[in-house]
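Chemist: So the chains spell out like this:
There are 2 protein chains.
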Amino acid sequence: MTNQEILLVNRPVGLPNPDDFEIKECEVPTVDDGYILIRTVYLSVDPYMRGRMTEARSYVAPFEIGKPLNGGMVGQVVESRSPDFQAGDYVAGQWAWRRYNVVKADKRVSKLNPNLAPPSTALGILGMTGLTAYLGLTKIGNPQPGETVVVSGAAGAVGSVVGQIAKLLGCRVVGIAGTKEKLAYIKDELGFDEAIDYKDRENLHKNIRAACPNGVDVYFDNVGGSISEAVIYAMNDFARIPLCGQIAHYNDTKPAQISINVFHTFVTRRIRMQGFIVSDFVESFGEAHAALAKWYQAGKIRQKETIIEGFENTPEAFIGLFHGENIGKLLVRVPDEV
Amino acid sequence: MTNQEILLVNRPVGLPNPDDFEIKECEVPTVDDGYILIRTVYLSVDPYMRGRMTEARSYVAPFEIGKPLNGGMVGQVVESRSPDFQAGDYVAGQWAWRRYNVVKADKRVSKLNPNLAPPSTALGILGMTGLTAYLGLTKIGNPQPGETVVVSGAAGAVGSVVGQIAKLLGCRVVGIAGTKEKLAYIKDELGFDEAIDYKDRENLHKNIRAACPNGVDVYFDNVGGSISEAVIYAMNDFARIPLCGQIAHYNDTKPAQISINVFHTFVTRRIRMQGFIVSDFVESFGEAHAALAKWYQAGKIRQKETIIEGFENTPEAFIGLFHGENIGKLLVRVPDEV
Numbered sequence: 001m002t003n004q005e006i007l008l009v010n011r012p013v014g015l016p017n018p019d020d021f022e023i024k025e026c027e028v029p030t031v032d033d034g035y036i037l038i039r040t041v042y043l044s045v046d047p048y049m050r051g052r053m054t055e056a057r058s059y060v061a062p063f064e065i066g067k068p069l070n071g072g073m074v075g076q077v078v079e080s081r082s083p084d085f086q087a088g089d090y091v092a093g094q095w096a097w098r099r100y101n102v103v104k105a106d107k108r109v110s111k112l113n114p115n116l117a118p119p120s121t122a123l124g125i126l127g128m129t130g131l132t133a134y135l136g137l138t139k140i141g142n143p144q145p146g147e148t149v150v151v152s153g154a155a156g157a158v159g160s161v162v163g164q165i166a167k168l169l170g171c172r173v174v175g176i177a178g179t180k181e182k183l184a185y186i187k188d189e190l191g192f193d194e195a196i197d198y199k200d201r202e203n204l205h206k207n208i209r210a211a212c213p214n215g216v217d218v219y220f221d222n223v224g225g226s227i228s229e230a231v232i233y234a235m236n237d238f239a240r241i242p243l244c245g246q247i248a249h250y251n252d253t254k255p256a257q258i259s260i261n262v263f264h265t266f267v268t269r270r271i272r273m274q275g276f277i278v279s280d281f282v283e284s285f286g287e288a289h290a291a292l293a294k295w296y297q298a299g300k301i302r303q304k305e306t307i308i309e310g311f312e313n314t315p316e317a318f319i320g321l322f323h324g325e326n327i328g329k330l331l332v333r334v335p336d337e338v
Numbered sequence: 001m002t003n004q005e006i007l008l009v010n011r012p013v014g015l016p017n018p019d020d021f022e023i024k025e026c027e028v029p030t031v032d033d034g035y036i037l038i039r040t041v042y043l044s045v046d047p048y049m050r051g052r053m054t055e056a057r058s059y060v061a062p063f064e065i066g067k068p069l070n071g072g073m074v075g076q077v078v079e080s081r082s083p084d085f086q087a088g089d090y091v092a093g094q095w096a097w098r099r100y101n102v103v104k105a106d107k108r109v110s111k112l113n114p115n116l117a118p119p120s121t122a123l124g125i126l127g128m129t130g131l132t133a134y135l136g137l138t139k140i141g142n143p144q145p146g147e148t149v150v151v152s153g154a155a156g157a158v159g160s161v162v163g164q165i166a167k168l169l170g171c172r173v174v175g176i177a178g179t180k181e182k183l184a185y186i187k188d189e190l191g192f193d194e195a196i197d198y199k200d201r202e203n204l205h206k207n208i209r210a211a212c213p214n215g216v217d218v219y220f221d222n223v224g225g226s227i228s229e230a231v232i233y234a235m236n237d238f239a240r241i242p243l244c245g246q247i248a249h250y251n252d253t254k255p256a257q258i259s260i261n262v263f264h265t266f267v268t269r270r271i272r273m274q275g276f277i278v279s280d281f282v283e284s285f286g287e288a289h290a291a292l293a294k295w296y297q298a299g300k301i302r303q304k305e306t307i308i309e310g311f312e313n314t315p316e317a318f319i320g321l322f323h324g325e326n327i328g329k330l331l332v333r334v335p336d337e338v
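These protein sequence lines are chains A and B, in that order.
Numbering of the first sequence is given in the numbering used here, commencing with residue 1 and proceeding in unit increments.
Numbering of the second sequence is given in the numbering used here, commencing with residue 1 and proceeding in unit increments.
Next up, chain A with everything else stripped away, as it sits in the complex (with noise of 0.2 Å):
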């Protein structure tokens, strides 16, 4: 059994590049009691590890230089020593980005049942990034029947969701995004009410008035910069914004400016922003996935998948998040056989 790992070995400067990568023969350590022993079947490659990748300070600890990887895997167990897995079994963790991994049987592993739901939703739609959609959008968004929501990265895991769930509360709905085909599957497959796209810059503000004509009460922002500047302009009093990333930034070497007059806008509409990470409202998982599941099984909700071939690829995976390239959730898939 071969084993390899993805080691970060430089510090990106702007967008990464394949050599701030390195892919490494490493062990498979032995199975003690108590541990298993998972082959990845699924890595997830999430936006918000670009800033794990620098040495500011954030909520999570930097990636350290040499060391590989981590993020949100999804397993198959192939040795199992506790009584509380078999060989076979699925399961989602976060885990080192290698081909397997050897880990605790304790409840930070979540076993997963693939007669319920393919196995890689728990890194999309019934995972972090649709509980980050959910709790965002209900928790600091609030959002109430009748109301417009506008969401940024419309057609990405976290955006994606957020407009159907909007729409099951009864909510209009506004997407932005970067390409046709992504206007497309945000309006016609996944019913948002409206699709704006944001490379159309010189009617950026006039389209979104246009799609939201009683103003905009929620905005979910998954991008930032001018994007938000032109979404706040267009936003009522008392309006909320779950403040979730700002991708449009996260490579830049010098910062971008954003106009100060959004925040007289704040004060004079009295808008309420709020960061947040989907670990803030750990108390409230159980009760998101129990609403995700519900409407995942009635069909009242999904999520395309992005899926490259090959654990090598993973870093090129990552890369392409920048690109604006995937639709839905963006996973890598390992093969069986090394």
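Just so you know, same-sequence chains aren't split out, so a pair can sit in one copy or run between any two.
Taking lysine to aspartate or glutamate pairs in the DMTMM-like style, the calculated list, with each CA pair at most 20 Å apart, reads:
#1 111 - 84
#2 67 - 25
#3 254 - 229
#4 206 - 229
Calculated directly from the structure, the hints in this document are not laboratory data.
For this one, chain A is given, so just place chain B on it according to the hints.
Modeler: Leaving out everything else, chain B in the frame of chain A:
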């Protein structure tokens, strides 16, 4: 009896100019049944009025060109045709900038008890600016004992009260202001723990960090722009920003810019920012006024007044707000004889 009123004759561009205002003779209306005639004693000049001088959408209608301005005022009843008021009563309300106003004797007229506090306090520490300080700080900032509260515009009408309340609530309090006199006032007279000179731009970040060794938990913002940016970078996880004003930028003719990194900081530290105006909390005015009055009577909070003499100097007093000349509450006093 001669009356005068002050009209807005131009919408200011940038810093307001004396020529944007005009003082004019006008009639004293007759006093009908249920009305009272009030002689203006104090006029309040407040930064938010700058917003009403433009036509931009805001929470109050813009002032009309060729019409008198209006604002918070304290007056003395000269003639009453209402059973609720007597000649000689001190009253406060929101009226036109005139030497004499005839107004309906309804609940919008507050009778003052000059034995409890000087009538001018109804425009400052026990009036709208005191309520703004109390309600923004407690309802949005939610400061806890031992936390660090930073306030910008710290020597002003609102900021000086914010800091004193935060001290009473058991917080470490750091004020930001722009003159030696103001810094001495907040630290030596009002008991703030530290006072920072924002004009020392070069050391602003360093000085904030030094004054807040445990980071910033609440930032009550009256000012905006680069001062806010510097404070935000020193904020703790789950910090709160009651966003009250942006006086640094009310007269911008070209919008200033702020680094987009501010928004990234909002996400990673899960900061909550909320714009507000005092009337959003109208249901808590009673509670707030009672708390302020109790502290005031007990000598636990106080406020300097900067007083400009003469009705005709009201525009000049207003313009002075933006030169940062006032300490505490800036008022215009109208002598008895015309």
